[in-house]
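Peer 1: The primary structure of each chain is shown beneath.
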Amino acid sequence: MKAQTRLMTVLAVAGLLAMTSGSAADLGAQMAQGAGNAKSGEASYKRYCVGCHGPQGDGRGENAQWIEPKPRDFTEALFKCRSTPTGTLPTDNDLFQAVTRGFVTTNMPPWRPLTVDTRQNLVAYIKTFSPKWRSQAPGTPITIPAETPVTTASILHGRQLFQRVECWKCHGPAGRADGPAASTLTDSKDRPILPYNFSTGTRFKCGSTNTDMYRVIMTGLDGTPMPSFADQLQPNDTWDLVHFLRTLQPAHSPESVVWTPYRQAHASELPVLGADAPAEISPTDSATPPPTPAPPTTTP
Amino acid sequence: MHWCRSVSRRTSLSLVLTLMGAPAVLAVAATRAAALEPTADGVVAAVRHARVADAAAAEYAAYLLRFGRARVVAAARSYDAGITAAAHKQRAIPAFARKYGLPCSACHTVWPQLNNFGQVFRDNGYRLKNERDSPIDQAPGYWPVAARITPQFRVDRTDHQPVDAVPGDPASGQIEKTVTQSGFDLSGIDLLMIGTLSKRISFGLIPAAESDGSWHIEAAYVRFNDLMNTTWANLKAGKFELDNIVSEKRELLLSGNGGFYQSYHFVPAGDATSFGMGDNQIGMELSGHSINSYTRYSAGVFSSTDGEVGLAQGKGYDGAFALSQAFEAGALGLERIGVFGYRGSRPTTFETLDGEPVPGTGLGTKSFYRTGLAGDFFFGNLELLPLWMHASDDVALATSSFGGAPLPAGAQSPTWNSGLLEAHYYIGHQLALLGRRESIRMSKQTTPDLASDFGNVDATAVGFRWYPIMLARDGLAVHGEYSWSNTIGTAPLSGLGSGAPPLDAATSVKSSSIFMALDFAF
Chain Y
8 MKAQTRLMTV LAVAGLLAMT SGSAADLGAQ MAQGAGNAKS GEASYKRYCV
58 GCHGPQGDGR GENAQWIEPK PRDFTEALFK CRSTPTGTLP TDNDLFQAVT
108 RGFVTTNMPP WRPLTVDTRQ NLVAYIKTFS PKWRSQAPGT PITIPAETPV
158 TTASILHGRQ LFQRVECWKC HGPAGRADGP AASTLTDSKD RPILPYNFST
208 GTRFKCGSTN TDMYRVIMTG LDGTPMPSFA DQLQPNDTWD LVHFLRTLQP
258 AHSPESVVWT PYRQAHASEL PVLGADAPAE ISPTDSATPP PTPAPPTTTP
Chain D
128 MHWCRSVSRR TSLSLVLTLM GAPAVLAVAA TRAAALEPTA DGVVAAVRHA
178 RVADAAAAEY AAYLLRFGRA RVVAAARSYD AGITAAAHKQ RAIPAFARKY
228 GLPCSACHTV WPQLNNFGQV FRDNGYRLKN ERDSPIDQAP GYWPVAARIT
278 PQFRVDRTDH QPVDAVPGDP ASGQIEKTVT QSGFDLSGID LLMIGTLSKR
328 ISFGLIPAAE SDGSWHIEAA YVRFNDLMNT TWANLKAGKF ELDNIVSEKR
378 ELLLSGNGGF YQSYHFVPAG DATSFGMGDN QIGMELSGHS INSYTRYSAG
428 VFSSTDGEVG LAQGKGYDGA FALSQAFEAG ALGLERIGVF GYRGSRPTTF
478 ETLDGEPVPG TGLGTKSFYR TGLAGDFFFG NLELLPLWMH ASDDVALATS
528 SFGGAPLPAG AQSPTWNSGL LEAHYYIGHQ LALLGRRESI RMSKQTTPDL
578 ASDFGNVDAT AVGFRWYPIM LARDGLAVHG EYSWSNTIGT APLSGLGSGA
628 PPLDAATSVK SSSIFMALDF AF
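Chains as they are written, first to last, in the working numbering: chain Y, 8 to 307; chain D, 128 to 649.
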């Protein structure tokens, strides 16, 4: 029995050692431009992707008829989640992250269980479906400055911006996806599409962090009615808007910690949002903190 | 498990009587009574079970004397191994494909074996975590049910099988013959009902029918996922498979000699330990994994019943653990290695009333253990599944010394080692070439008079599976396989032939299977 105990101990220790080594090899993996092998990716595409995206990459796989929202049509080379400006092709890493992350509330699962090599090869193969990849270079990723502090002023300013740039027209005054334009929205294929409903608390399709939300606001979601606000919002404005949008979600967050008590104390003072909003809500409102440019620190 | 299941299916009391050391003839009678039942693999069980009392050859008599009533148990076990070989154990669940719109190949290298994406899906409680896992997020018409069955043609041949010298005349003595059995047959049916009860609670229920139509509960459990919001804590309770890297429930080979892992079910001749690493067990398991399941662990406690329902054996508990770690190897793929262990106990006597055993009051528990290493390695399209296992049973179990019976002179706890290497070569995702080599070597015999190689096993299988249909709704595989085994002095674990040991304990018994099938799930 002693020998048995010794053996079991050795095996257990070996297992624990294995657990502590390299378990996070994949976490946070990035893809260098052009790192994938399209030929190798073809086999993986047929194994994992063809059922929805189809053998031609046109989003007409055998399952597509049952799926909402519909699978991406790779022949259009239009991608929602990019780090590059609207109208430009995404980087390989953008596609890699999309494959890794999947798209919440859709049939596209997170493919993180696949090896980095496999996902890179899939990205390379996806790019073979559109000639755009041969005639155009990916856009240059936008610069994302360091996030500004979450303050009441920041959230109040973001609230004003939410009204001013008319986010409410689609997302609704309370972020419930019930704005006056919500029911009229269509995607690039004229299929009905719904705006994001902040009140559900689900993750965002293009990532769950504030940086991901910032990126979406500044790059837009190509192929959908969500435009880029890069020409309308300064970096600090965008961070303020991000902070306010977070307060529309039911989740506990730094923004909700700041905002909830303020809102409870000043509910009667807050102007309503939406079509009935008072005209005085403007970007020059007194509640707006002076913009303080932050040096760019990150590039996705 | 299968031994217990087989016996209890006929008469639960016979098991208890056997364990209590009741006259072997009682158990023989019980098994004889059931001997006319066709087994799940279509082979009549009669010749498998009626062999104990009336052996003629002197060697065989000595053999009997050595192992006594335990051979009844062993015969029953080998009978049930036949069930193991033929019954469906595998999980390929088109209901998930229907729910999530993914093809079979997303989760399976070829079904029913999981790839790492499927492993993560399983580790997450059969959830993709895309906010559409809960039943309330599914179309009302969705129903988590799938079924699988395998019509087949098979030829099984085993040499050195004892049969009556004159058919129909048990008094004529026994001679050895090569027994060949062949014909069209059916596997059992698994009704695979696995899904989610809510966003974080999963369930599994698998009623399974043997090919003769008798039903049992193959699996039934509830799993609480992501306790404390972490993938490292999940709790499962009920009846389910052990956390085996080399999963017998998902194996790709199906034939009589190839359709199970010898390593998982082997016990030395005369050993009454009822346990199979490949059998579903009843208990509770805590498990966890990294986000991509590269790191996985599980620890469980199980009733000492080898998965049998009811508590006829007593109040003992078994424990199991498994740890594994996977590494990416660039273009080669994902490489996983792990360790596992199982320590169990079984009763050797019971409380009695009027001399009759009281079920569930097992006493004098004796222990056994299995431990080893396993892996899952990819080299491009080639997958290798190695396994090494070391095992030992307590001497009382090994000699079937129940009810306080004295141990045979010189008896000791047997130990043995087993190893297997299974290879899959994938040509695309719709064709797989299969091969397996498995060996078991006794390292310490129960009694000193046994030859060192007595009980050794070598088994080999080769085959292919071609999946002409692999949709997100169903799948069809054309299966071809040839397997053979060589056992020293004992019946093949598959129970093929007459399922009985050779008349000479030194004889090498060769058994082979040819298996062609249409395997479909929908």
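Please note: incorrect hints may appear among the correct ones.
[What the hints assert, rightly or not] Partial chain Y-side listing against chain D, Cβ under 7 Å, derived:
id: 1; residue: 58
id: 2; residue: 111
id: 3; residue: 204
id: 4; residue: 208
No lab work stands behind these hints: they were computed from the structure.
All C-beta atoms, glycine included, are put in the ideal place defined by N, C-alpha and C.
Peer 1: Now tell me if each hint is right for this structure.
Peer 2: Hint by hint, here is what the structure shows:
1. 58: holds, 4 Å
2. 111: Hint holds; residue 111 of chain Y Cβ to chain D Cβ min 5 Å, cut 7 Å.
3. 204: Violated - the Cβ of residue 204 of chain Y stays beyond 7 Å from chain D, reaching only about 12 Å at its closest.
4. 208: Since the shortest Cβ distance to chain D is 10 Å, the answer is violated.
Against the hints set out earlier in the document, violations occur for numbers 3, 4.
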